[in-house]
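Novice: Sequence:
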Amino acid sequence: MRYAEVYGAWKADPEAFWMQAAEAIDWDVKPSKALWEEAAPLYEWYKDAQVNTCWNAVDRHVAAGRGEQVAIIYDSPVTGVKTSITYADLQDRVARLAGALRSKGLEMGDRVIIYMPMVPEALIAMLACARIGAIHSVVFGGFAASELAVRIDDATPKAIIAGSCGIEPGRIVEYKPLLDEAIEIAAHAPEFCVIFQRDQAQADLKPGRDFDWDELVKTAAPADCVPVPGDHPAYILYTSGTTGQPKGVVRPTAGHLVALNWTMKNIYNVDPGEVFWAASDVGWVVGHSYICYAPLIHGNTTVVFEGKPVGTPDAGTFWRVISEHNVKSFFTAPTAFRAVKRVDPKGELIKDYDLSCLETVYLAGERADPDTIEWMQDKLGVPIIDHWWQTETGYTIVGNPMGIEKLPVKIGSPTLPMPGYDVQILDEAGHPMPPGELGAIAVRLPLPPGTLPTLWNAEDRFRKSYLTTFPGYYETGDAGMIDEDGYLYIMARTDDVINVAGHRLSTGGMEEVLAAHPDVAECAVIGVTDELKGQLPMGFVCLNAGSEKTEDEVKSECIQLVRERIGPVAAFKVVCVVDRLPKTRSGKILRATMVKIADGAVFKMPATIDDPTILDEIAEALKKVGYPAD
26 MRYAEVYGAW KADPEAFWMQ AAEAIDWDVK PSKALWEEAA PLYEWYKDAQ VNTCWNAVDR
86 HVAAGRGEQV AIIYDSPVTG VKTSITYADL QDRVARLAGA LRSKGLEMGD RVIIYMPMVP
146 EALIAMLACA RIGAIHSVVF GGFAASELAV RIDDATPKAI IAGSCGIEPG RIVEYKPLLD
206 EAIEIAAHAP EFCVIFQRDQ AQADLKPGRD FDWDELVKTA APADCVPVPG DHPAYILYTS
266 GTTGQPKGVV RPTAGHLVAL NWTMKNIYNV DPGEVFWAAS DVGWVVGHSY ICYAPLIHGN
326 TTVVFEGKPV GTPDAGTFWR VISEHNVKSF FTAPTAFRAV KRVDPKGELI KDYDLSCLET
386 VYLAGERADP DTIEWMQDKL GVPIIDHWWQ TETGYTIVGN PMGIEKLPVK IGSPTLPMPG
446 YDVQILDEAG HPMPPGELGA IAVRLPLPPG TLPTLWNAED RFRKSYLTTF PGYYETGDAG
506 MIDEDGYLYI MARTDDVINV AGHRLSTGGM EEVLAAHPDV AECAVIGVTD ELKGQLPMGF
566 VCLNAGSEKT EDEVKSECIQ LVRERIGPVA AFKVVCVVDR LPKTRSGKIL RATMVKIADG
626 AVFKMPATID DPTILDEIAE ALKKVGYPAD
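In the numbering used here, the protein residues as written are 26 to 655.
Hints were generated in silico from the structure; no laboratory data involved. Since this is a predicted model, take the numbers as computed values, not measurements. The reader is advised that the hints may include incorrect statements.
Mimicking DSS-like on lysine-lysine, the simulated pairs with C-alpha atoms at most 25 Å apart in a straight line are [to be verified]:
id: 1; residue 1: K353; residue 2: K435
id: 2; residue 1: K55; residue 2: K36
id: 3; residue 1: K290; residue 2: K36
id: 4; residue 1: K183; residue 2: K107
id: 5; residue 1: K629; residue 2: K598
id: 6; residue 1: K558; residue 2: K371
id: 7; residue 1: K353; residue 2: K371
id: 8; residue 1: K558; residue 2: K333
id: 9; residue 1: K608; residue 2: K648
id: 10; residue 1: K598; residue 2: K558
id: 11; residue 1: K580; residue 2: K558
id: 12; residue 1: K353; residue 2: K376
id: 13; residue 1: K629; residue 2: K580
id: 14; residue 1: K107; residue 2: K129
Label-pair restraints from in silico Cβ distances [stated by the list, open to error]:
id: 15; residue 1: E216; residue 2: A541; range: 24 to 34 Å
id: 16; residue 1: D396; residue 2: C567; range: 32 to 42 Å
id: 17; residue 1: E216; residue 2: A644; range: 49 to 59 Å
id: 18; residue 1: N569; residue 2: P496; range: 39 to 49 Å
id: 19; residue 1: S128; residue 2: D379; range: 24 to 34 Å
id: 20; residue 1: D377; residue 2: K55; range: 48 to 58 Å
id: 21; residue 1: S128; residue 2: A626; range: 57 to 67 Å
id: 22; residue 1: Q402; residue 2: Q270; range: 18 to 28 Å
Quick reminder that beta carbons are idealized off the backbone N, C-alpha and C, glycines included.
All chains, please: the whole structure from these sequences, using the hints.
Specialist: Structure representation (structure tokens):
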């Protein structure tokens, strides 16, 4: 079947389509039907099934006689370690950790926060939780203590599993002091913590609360897989909200299994046993879906890479990993390739490696600019496939289904909607827009299996954030257009969340941090275009009258504040001190206009601006810090 037939089959009979896809999963109790719509617009999938994620990702491959196949390749250029873990070994290690957690009182439905670097133990922790029905919430390793505390209070975990440290090029980031500070700040306290000790930095353990991973699993009895209901949350993953308060996206177990398994062959065109590599981090949705779960559910070999695109040791590290480990399908963010291109513009390092195993490269996480795609196509000689999805969906909304049919590529578009997604462009009143017209990107309900059914402990916020603006649709928060051929083009965010190297960050959250500085009277944060990272945050602050600090002192302190409270991932490095901010007569700050000035783009004077001369002052302040760039 070709794409049009597959998509048409889904559209004609979604129930039959998703029940057929469910046949690839091992069920303890099979679902009686796929879609449950009694609580519409809150939809659920395979609700009456009983199933276990860990069985489907690990045990069933061992039971099928494939225990000696490699499940995880760990490649860590920052430590010089390379190891492989077979499915049989993975089963044993996961079962023992699950048994250790259960011996400490962890039960189905309890939450566990995982705060780990890019090591196989991060996946083992996730799978051990799934094995006994605990709900994990992975937080990006090294995230600021204040941000970790917010997630502790929202998820109220019974346990926290953490690494003693993470390793960045040239430095070691100790996680335990950050974890201790977060627990101190948070109103909720975990009953116990499990610490995976790394040689690079051993953590001090608090007696009675903290337990050494190795010591705990040494004597633990292996735990069996516990069947859970189809709608049981597999995990909670926090994503930025426009208020700065993170949203806990809930991932339902059964739909997650069915959908992710379907994508591995149909979208990424890999067969069981082949090597799939997503160069991401377990703290982000790509790490959940395509480092841990989807490859293992489908019976692939997945790569856990602890390094960077450049500097560990050079811009050839991607090519080395692909060549050494026989990677067939490679998935990363455009930012990574921009970094490689910047260091090795002629692609000289590619010539040092045999990349004949590589068939396709996939990009997601941010807009893939044409220059980068064309450079990659030229240097690698394989299809470069852009695709678009979100933390909320967990897998592709719009893409190119390479395992079904390679559709014609239009650079700048992630191609066509995948089965399950009826994508529309709507005007402000919710009416469909004609081809080529810019509007809000929305998906007709119900969303397909595996997508978020709600937010953790925040159903009202879920409805308001996603379902209220356009009744009958899921609001993506992105703006774009669809051309005459049905190809989608993502043009911009419709809120103030910016995308820094694939990480969605709230400018509102950064403004809250800046506003907390005692010398800042007023502030604004915008996202400016950056060749390497896609966007970078830039702050504007107005100082209190009578401030005794120099502008440079305030700038430095503001940058440090954001680094402490949001984390280095924000890449917040530029602050402009200005006398006033451009506003409408109603007092709304004209951030979009400020972005256009910083990017050197043509803009129309806003009709509602209170004082147009302020824009000249903003332009002068931007010139001092090098914007717009040449």
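Novice: For a C-alpha distance cap of 25 Å, please report whether K598 and K558 respect it.
Specialist: holds (13 Å)
Novice: Quick check on a hinted range of 57 to 67 Å for S128 and A626, using CB atoms only.
Specialist: holds (60 Å)
Novice: Would you mind confirming whether the straight-line C-alpha gap from K353 to K435 stays at or under 25 Å?
Specialist: Answer holds: K353 to K435 is near 23 Å, not above 25 Å.
Novice: Are K353 and K371 close enough, with their CA atoms no more than 25 Å apart?
Specialist: Within the cut-off at roughly 23 Å; holds.
Novice: Given the hinted pair K629 and K598, is their Cα-Cα distance within 25 Å?
Specialist: With a Cα-Cα distance of about 28 Å, the restraint between K629 and K598 is violated, given a limit of 25 Å.
Novice: So the hint says 18 to 28 Å: do the beta-carbon atoms of Q402 and Q270 match that?
Specialist: violated (41 Å)
Novice: Below or equal to 25 Å on CA atoms is what counts here, so check K290 against K36.
Specialist: Holds, at roughly 20 Å.
Novice: Starting from K558, check that the Cα of K371 is at most 25 Å away, please.
Specialist: holds (20 Å)
Novice: Would the hint linking K629 and K580 be met if the CA-CA limit is 25 Å?
Specialist: violated (30 Å)
Novice: Mind checking the alpha carbons of K580 and K558 for me, to see if they're no more than 25 Å apart?
Specialist: holds (22 Å)
Novice: Okay, N569 versus P496 on CB: inside 39 to 49 Å?
Specialist: Given a distance of about 45 Å, which is inside 39 to 49 Å, the answer is holds.
Novice: Sort out whether K36 lies within 25 Å of K55, counting only the CA atoms.
Specialist: Measuring from Cα to Cα gives roughly 23 Å; hence the hint holds.
Violated hints for the displayed structure, listed by number in ascending order: 4, 5, 13, 14, 19 and 22.
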